[in-house]
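**Q** So you can see what is in the structure, the chains are spelled out below.
Protein chains: 2
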Amino acid sequence: MYSTFKRILIGKPRKSADIEGEKLGKLKALAVLSSDALSSVAYGTEQILLVLIAAGAAALWYSVPISMAVLGLLVILIISYRQTIFAYPSGGGAYIVAKDNLGRAPSLVAGGSLLVDYILTVAVSSSAGTDAITSAFPSLHEHRIAIALVMIIFLTIMNLRGVTESATVLAVPIYLFVVAIFVLIISGVFHYVVYGGGAAASHLEAAASNVSLFLVLKAFSSGCSALTGVEAVSNAIPNFRDPAPRNAAATLMMMGIILGSMFIGISLLAFWYGVRPSATETVISQIAATTFGRSTMYYLIQGATALILFLAANTAYSAFPLLAFMLAKDKFMPHMFMVRGDRLGYSNGIIFLSVMSAVLVIAFHGNTENLIPLYAVGVFIPFTLSQLGMMLRWLKHKPAGWTVKLAINTVGMLTTMSITLIFIFTKFSQVWVVFIFLPIVLYLFTQINRHYNNTAEQLRVNLDSELVIKGNTVIIPVAGLTKVVANTISYAKTISDQVVAVYVGFDDESIAKMERKWERWNPGIRLVTIKSSYRSIIGPLRKFIDTVQWKKGKEDHITVVIPQFVTKHWWENILHNQTSLLIRAYLINYKDVIVTTVPFHLNK
Amino acid sequence: MYSTFKRILIGKPRKSADIEGEKLGKLKALAVLSSDALSSVAYGTEQILLVLIAAGAAALWYSVPISMAVLGLLVILIISYRQTIFAYPSGGGAYIVAKDNLGRAPSLVAGGSLLVDYILTVAVSSSAGTDAITSAFPSLHEHRIAIALVMIIFLTIMNLRGVTESATVLAVPIYLFVVAIFVLIISGVFHYVVYGGGAAASHLEAAASNVSLFLVLKAFSSGCSALTGVEAVSNAIPNFRDPAPRNAAATLMMMGIILGSMFIGISLLAFWYGVRPSATETVISQIAATTFGRSTMYYLIQGATALILFLAANTAYSAFPLLAFMLAKDKFMPHMFMVRGDRLGYSNGIIFLSVMSAVLVIAFHGNTENLIPLYAVGVFIPFTLSQLGMMLRWLKHKPAGWTVKLAINTVGMLTTMSITLIFIFTKFSQVWVVFIFLPIVLYLFTQINRHYNNTAEQLRVNLDSELVIKGNTVIIPVAGLTKVVANTISYAKTISDQVVAVYVGFDDESIAKMERKWERWNPGIRLVTIKSSYRSIIGPLRKFIDTVQWKKGKEDHITVVIPQFVTKHWWENILHNQTSLLIRAYLINYKDVIVTTVPFHLNK
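As they're listed, the protein sequences go chains U and C. So the number in the working numbering is just where the residue sits in the first sequence, counting from 1, plus 298. So the number in the working numbering is just where the residue sits in the second sequence, counting from 1, plus 298.
These are computed hints drawn from the structure, not numbers from a lab. It cannot be assumed that every hint is accurate.
Any copy, or any two copies together, can satisfy a pair, since identical chains are not distinguished.
Mimicking DSSO-like on lysine-lysine, the simulated pairs with C-alpha atoms at most 30 Å apart in a straight line are [as the list claims (entries may be wrong)]: (1) K310 with K815; (2) K866 with K841; (3) K791 with K889; (4) K866 with K791; (5) K811 with K829; (6) K694 with K397; (7) K829 with K696; (8) K781 with K627; (9) K889 with K324; (10) K629 with K791; (11) K849 with K866; (12) K866 with K696; (13) K397 with K696; (14) K815 with K866; (15) K849 with K768; (16) K321 with K627; (17) K791 with K627; (18) K889 with K725; (19) K841 with K629; (20) K866 with K629; (21) K324 with K791; (22) K629 with K815; (23) K397 with K627; (24) K781 with K841; (25) K841 with K791; (26) K768 with K791; (27) K694 with K849; (28) K629 with K829; (29) K768 with K866; (30) K781 with K791.
Predicted model only: the values in this text are computed from it and were never measured.
Please put together the full structure from these sequences, using the hints given.
**A** Dropping the structure here:
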């Protein structure tokens, strides 16, 4: 039943050899990996305007140079990450680059922030997408948590089905969004040229207004939230079709050009139209309404925007399982994140991500907007570490043209570090949590690593040592005289000459009866009877094993052979005391004895 | 942690030999066994009046003869049950008597109705007690389900602690209730003699009113709900201190006298005072208010009434586990109901009763009053069967004075059967469910019985047959070269000469690597490698076992020896794939092979 249900949801299992077919071409990769970055257009400009409006309408002029600065930062990031892709063709996420060049601690900081960040991505994006829907249909407002959870479940199933299939499903809305925004920008510019706009202020007016450096920096850092998601491509190189680095670099360039044009276009239109940020209407909505009126085109743009916010979460579904795999391979996360599921995805990573983000959505009642700055700072910390790692790499290897490469990454590192500091400086009240959870995550990583190393050391075998054959004492707990017991004794006699049966009785009468029956049957092995005053079987049995352990040769094995009958239907188990299971569980966990279960299958 | 928690709630485990100390003296037995019967006083009279008022105030006069009839029925029941107690000194519940004299089907009908009835008792009594509390404190009304559940949990813990201790706790409120009601009756009669009353109608007026026979019968059957719980004593004879039958009979007589006096006293006062049933105030409350005014005495009576309704549920806690034990012993219910817990009570019966009644309370939102007729009919069916059984017993054994005894039980049987028929005839709309659930319960009983009989037959061993010693082929699934594996191979070699290791790899590379390592190590046994295209370990392993099973001598055992390492802390298990557990669970349930687990305990 469970497997049929799973089959319907997830699809038939796929062969390991099919893995090549799962790889992404450029256009599909753009769809899978860019939704996080491109969706930032939906709120990037608005974040800048929201900060500036605090200093009055005249200050909105500053959005133009700030957007230019963000665009410049995007160019720097794209060029830097292009270098990383070619330097790390097998996947150059911040974790790998930091591990390779900076050592263990920085790599774990990068890996830890990214993992938490992907969880935040899913929670924030699904909540934001829900907001876009409930703004259009206010009656759905009370069901917002349910809607967000349904989206998370939908994404989980899509990703469990496998990367390529989800790429096919996701490509349509993403290209729809890109086309819609470009149509909006071109029509908007045309509209502005023909009808003119309502720009709030000129350069000169703005210069005269009281805009502090702090405010400009804060607005700039807010605008930088538009850049989250750029790293997705470099993390996911192993998912690309060959030649992977070349395809990944091309995808990154495409994404950068599309993101940059959309962002600067929206920012300019917002300034030209004199758009002011509003609690009830988004900037995109205002621009679209001015350009097209409330026409079909307007609703198309709004719909595509809502959709892409949901899909932004999907980027995390590509990135999280892969990063978790890498950390698990390096023994900082549980091995289970390395297991490929029926459809070749890392199912445990996908499910873990879904559960954690669903918990966040429920805990914050779907109001996860306050997590956005936290989420941005969680991206810029690994950005910085990755650039720093690349710098050290060039200094160490000194390949052809290394000075230019070093210069590029130095600029990248300084910029991203500055932005991280600006974030912490201007938005400390929203990002302080990072200084709590990062240490916790790092502690868990190191504890897990220590456990695995300890285990490996204890399990290491000396290949040259001889195998010692020891003696074997067999103990059979019996509850009565049945075929199961007879079968078990016959087996025990094949594996050892020293076999003893133990009967634990609750009163003298039952013990005497058992002894009489045993004598009459005479199976050729000794029966030891023990009276249990407290009606426990495990207690007396444990004491008996202790005695045997003390008496036997130090090197001998002790085997407890447990007779167990297996019912034909699972529910029939409720009709039988599960003593054999209890004994087995207890012995395996607490005693150094070997446990053998001899099954007896009931056939009706 | 679990065991500490259990120790605090339930107390220290007790020796089986302590069981004699758990037995009940007469006064404690009265406290434990009579609360169900005595609490009926709180609603018996009211049930009669509620039916009669439908025919007008004049009809209330009929409550006097009807109460007398109920009293007569009580006398018949007490005398009949007294005979049962002496005839069945080791416990003479309806189930035992019916089994002994009527055969299997009637005994299961009796046992089934009683079991369901005890569950109803707990649900109805805890809800009714809650109503008494919330009538006094209306602000608690919205928490009524929670209050009823807390009471059920409290009773569960008391009963898990053991019978004697709960008897001590329960004796106080029950004797308080008895004293309070007698004070009320005596003062009430005195008050009536001095101040006179307001009797609604005389005999002559009543005779003139339009009271149908149907209505009188309905009122009579309603009044009979006051007799539920009388059977408790005869079920519980084994719980009595020696001489058990004598003590039990004395307890039954005491209970009958107390119940009869209280019931007739309340009924007479209700008639003399002209009390009319009201939706907002109980009959007891009206009588108490008239006699004492709203004084301390009034609140004492109300409080004691509420308390005893809760405690009525406790009767079921003595009776249900004992009946379940008897049915389990006869293989009609799962064996688990035969296990004595740490404190010598039948814990599984206690817990099952609590869970089922809690489910009823939740399902009916605490409004279980409609279940009262169902509950009454569930008592009178086994009453009738028990009397019928006694009749056949006298006819068969013909002891001294058997004709008188037969006459008594014949009268008893005819009366209880008539009442059962009256119930079904006058209240069919409320009791039809009994014709659904009784067949279901009977079906379950027979299915369970069939399973146990089938099992016993399959397990039966021929004591004279010889044990055959067979060959043994050992298969070791290995995942790598570790100390655990080395240890396992060394063990396997001690138990058989035919040992083979199996490695399931997911790709050619890992298989080749494993083969190289094995060759270099050379542990003296053959390694078989299998490639798994679908990343499943169990699938290929199963196929390999099938092949071995096909090749080996038909009579040989196959043992799968699974290496397993045991972590020091349970939570560390999350860091390891539980493949060995999965393999074991699969093999035990689906293959006819012996499974041995060789543990390797990590010590850090």
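**Q** Now look at each hint and say whether the structure bears it out.
**A** Against the structure, the hints:
1. K310 with K815: neither (55 Å within a copy, 35 Å between copies)
2. K866 with K841: Cα proximity of K866 and K841: across copies only (22 Å, versus 34 Å in one copy).
3. K791 with K889: Intra 23 Å, inter 22 Å, cutoff 30 Å: intra and inter.
4. K866 with K791: Close inside one copy (28 Å), not across copies (33 Å); limit 30 Å.
5. K811 with K829: Classified as within: same-chain Cα gap 13 Å, cross-chain 54 Å, threshold 30 Å.
6. K694 with K397: within (15 Å within a copy, 92 Å between copies)
7. K829 with K696: neither (80 Å within a copy, 44 Å between copies)
8. K781 with K627: Close across copies (21 Å), not inside one copy (48 Å); limit 30 Å.
9. K889 with K324: Neither: 57 Å inside a copy, 49 Å across copies.
10. K629 with K791: Neither: 44 Å inside a copy, 34 Å across copies.
11. K849 with K866: Classified as between: cross-chain Cα gap 26 Å, same-chain 41 Å, threshold 30 Å.
12. K866 with K696: neither (70 Å within a copy, 48 Å between copies)
13. K397 with K696: within (19 Å within a copy, 96 Å between copies)
14. K815 with K866: Within one copy, since 29 Å is at most 30 Å while 42 Å is not.
15. K849 with K768: For K849 and K768, both the intra-copy (15 Å) and inter-copy (29 Å) Cα distances are at most 30 Å.
16. K321 with K627: within (21 Å within a copy, 63 Å between copies)
17. K791 with K627: neither (45 Å within a copy, 34 Å between copies)
18. K889 with K725: neither (55 Å within a copy, 62 Å between copies)
19. K841 with K629: neither (39 Å within a copy, 32 Å between copies)
20. K866 with K629: between (42 Å within a copy, 18 Å between copies)
21. K324 with K791: neither (66 Å within a copy, 56 Å between copies)
22. K629 with K815: between (56 Å within a copy, 23 Å between copies)
23. K397 with K627: within (13 Å within a copy, 67 Å between copies)
24. K781 with K841: both (27 Å within a copy, 28 Å between copies)
25. K841 with K791: both (23 Å within a copy, 28 Å between copies)
26. K768 with K791: Classified as both: same-chain Cα gap 17 Å, cross-chain 9 Å, threshold 30 Å.
27. K694 with K849: Result: close neither inside a copy nor across copies, 64 Å intra and 62 Å inter.
28. K629 with K829: between (49 Å within a copy, 25 Å between copies)
29. K768 with K866: between (38 Å within a copy, 26 Å between copies)
30. K781 with K791: both (15 Å within a copy, 28 Å between copies)
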